[in-house]
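If you're matching them up, the sequences are chains A and B in order. So for the first sequence, my numbering puts the first residue at 4; every next one is plus one. So for the second sequence, my numbering puts the first residue at 107; every next one is plus one.
Derived from the structure by calculation, the hints contain no laboratory data. It cannot be assumed that every hint is accurate.
[Said to hold, decoys possible] Here are a few chain B residues that face chain A, going by a calculated C-beta distance under 7 Å: (1) GLN148; (2) GLY149; (3) LEU152; (4) SER200; (5) TRP212.
Yeah, the Cβ is synthetic: ideal placement off N, Cα and C, and Gly gets one too.
Below, each chain spelled out in residue letters.
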Amino acid sequence: EAQVTQNPRYLITVTGKKLTVTCSQNMNHEYMSWYRQDPGLGLRQIYYSMNVEVTDKGDVPEGYKVSRKEKRNFPLILESPSPNQTSLYFCASSLLGGGHGYTFGSGTRLTVV
Amino acid sequence: AQSVTQLGSHVSVSEGALVLLRCNYSSSVPPYLFWYVQYPNQGLQLLLKYTTGATLVKGINGFEAEFKKSETSFHLTKPSAHMSDAAEYFCAVSEDNAGNNRKLIWGLGTSLAVNP
Chain A
4 EAQVTQNPRY LITVTGKKLT VTCSQNMNHE YMSWYRQDPG LGLRQIYYSM
54 NVEVTDKGDV PEGYKVSRKE KRNFPLILES PSPNQTSLYF CASSLLGGGH
104 GYTFGSGTRL TVV
Chain B
107 AQSVTQLGSH VSVSEGALVL LRCNYSSSVP PYLFWYVQYP NQGLQLLLKY
157 TTGATLVKGI NGFEAEFKKS ETSFHLTKPS AHMSDAAEYF CAVSEDNAGN
207 NRKLIWGLGT SLAVNP
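Bound conformation, chain B alone (with noise of 0.2 Å):
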């Protein structure tokens, strides 16, 4: 069975550092990985997602993550924190189910502090 685990429920970065955020699967298939970021009191919004192709993707605010199949990792990363990024961040994979729903597999999340 897949299984997403990210590790850190809690990081805490200054503002301007480099952001990692830890997410390593478990598929016995090629996956779909995904990066969501929740702020407060808001729904989920998706970051970006790798399916097939390129192994680095980027998506929105600046936020990339690498695909690496050999390590089964996804990690997500940032150059430089800004005091907006504060948020909880999920890792998810997918499953491939009959059909096309490809249920996700959601990692526990990780919440990251932004200190000025």
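Chain A with its partners taken away, still in its complex shape (with noise of 0.2 Å):
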């Protein structure tokens, strides 16, 4: 089945913390994206990757890490947590770009204490 795996998909952890948030994609798409979704602010786009070795800011980049040494992985980094990272995260592939349609990952619902 063609699918976006997120892990995990609960996480409570404490500012300063380092976490990672993995994603992996079955699909061999070259694009992959990592958004965060927050009550009466949408979805805000984190970070993206291109193709394996290029990655690129979105719009909200602050506080976050992430890596493509495969095309198939996309891990999203938190080095030290803060209280206002605690969101809904959501790792998304496509085929090219976001003009292509996304296939997204279940979530994951972080909390930082």
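Quick one: dock chain against chain with the hints and give me the complex.
Structural data, given as structure tokens:
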């Protein structure tokens, strides 16, 4: 089954404790992206990657890191999480860019206390 | 800059009634337009998209949308609502950056409630 798999689904952590949210797709998509979803603010892009070893900032990249060492994986790293990073996070992939239609993961609900 | 406006953050309909979710966009170039649906505790799923060609686009679950360039609109409709249609719906328009990025600009979403 074609899918984007994110882990974990739920995560509660403390301020400053480094964490990684994993994302993997099995569709051989070139393009991958991370979004956060917050009430009243909709979906905001954090980072995206157009190919292996090519990443770029989205609209809200501060406090996040990403890497794209393999085509299928695109982990999101929070080096020092803060409470304002409490949010619902989605990984998405697309054959080329966002204009080709995304496949989304099921989401990771992160709470930073 | 491109923008997307979804009119009505909450829409409530009766089961069997027409569903109409409104989306207006601003774009200086021909847009790609999308509707996504998000069911509770799930990720977003592509309902339908318009790129070129026929302006009436049919999607999954009986939904369709019509691209009206003169009105800069891409409203989503379904003739008869079902209880399972209760979800959050997002309209998005692509922005043509360099290469194939075509970044998506998202509306804030419309929550659809279906009453028995």
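**Prompt:** Going back to the hint list, which numbers does this structure go against?
**Reply:** Checked against the structure, no hint fails, so every one of them is satisfied.
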